[in-house]
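Please work from the sequences and hints to get the whole structure.
Per our numbering, the sequence shown starts with residue 1, numbered consecutively.
Hints were generated in silico from the structure; no laboratory data involved.
Any given hint could be a false lead.
What the hints assert, rightly or not - Beta-carbon label-pair distances, calculated as ranges: (1) 129 - 221: 24 to 30 Å; (2) 212 - 87: 27 to 33 Å; (3) 233 - 79: 28 to 34 Å; (4) 142 - 108: 21 to 27 Å; (5) 179 - 108: 16 to 22 Å; (6) 171 - 6: 28 to 34 Å; (7) 94 - 236: 23 to 29 Å.
Unchecked claim - Simulated crosslink set (DSBU-like; lysine-lysine; CA at most 30 Å straight-line): (8) 156 - 60; (9) 60 - 211; (10) 60 - 37; (11) 36 - 211; (12) 60 - 115; (13) 79 - 246.
Even glycine gets a Cβ: it sits at the ideal position worked out from N, Cα and C.
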Amino acid sequence: MSETAPLIRRSILGVPVVALPWQDAIDLMRNRISDKKFTLVTWLNAHNANVAQTDAGFRKALESFLVLPDGIGVDIASKILHGSSFPANLNGTDFTPAILQAETNPLRVGLIGAKPDVVQKAADRFKEIAPQHDIRVISDGFFSANNESDVLQSLKDFAPHILLVAMGVPRQEMFMAQRLSPEHCTLAFGVGALFDFMAGVVPRAPPLVQKLRFEWLYRLAQEPARLWRRYIVGNPLFLLRVMRAKLRGRN
1 MSETAPLIRR
11 SILGVPVVAL
21 PWQDAIDLMR
31 NRISDKKFTL
41 VTWLNAHNAN
51 VAQTDAGFRK
61 ALESFLVLPD
71 GIGVDIASKI
81 LHGSSFPANL
91 NGTDFTPAIL
101 QAETNPLRVG
111 LIGAKPDVVQ
121 KAADRFKEIA
131 PQHDIRVISD
141 GFFSANNESD
151 VLQSLKDFAP
161 HILLVAMGVP
171 RQEMFMAQRL
181 SPEHCTLAFG
191 VGALFDFMAG
201 VVPRAPPLVQ
211 KLRFEWLYRL
221 AQEPARLWRR
231 YIVGNPLFLL
241 RVMRAKLRGR
251 N
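Have a look at this one:
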């Protein structure tokens, strides 16, 4: 089934974010694979939105992406700026594995990012939950500029239907926007810390904490030295920017 209607998007601090229910978003990705429609996909959360406000290159790159909502912060922003939260929290940690499990037709899936042992463990875990697919590690995330052409050639040779890129924001999005084209893959997802979660290097919050939407607080407790600035400083800053946008009649 092909797309017949334009996607509904809501602007969050100038970034257009797709507003879709969970199953509709899954179907959208499956349709784009079926239609061989090259698409770059990433997520907007409070942290990424803050980065986009200060990094003009990243903000410009996001114009070429299909951006999905991630987390309670952008839901609050949507409610403030547009009168309602997003139809679903399409966070990549849950949404990406769900796509692989939902697609019963065998796909080629490539992984780029993280440390060598982490990306291999993540690939092994993906194979366990979605054994119907050909899942391969293309490269870890620490390749040099001199090795980039080899990585891109490996992508051309494998031509994955889905490419998962886990190199952190904004590096992964800049790599995707500047280096990837239809000859490299069909869909490319910037998945951040997903490989760490899949490999078990970083534990997910308990289900109740996830349901209450306090996973960010659990992550902060796990890695306070690395994440305190992102959450303790970044979350209030994001909400302040949203309130300013509301007062100025912008979104």
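query: Which earlier hints turn out false for this structure, listed by number in ascending order?
result: Going through the list in order, the structure violates hints 2, 3, 9 and 11 and respects the others.
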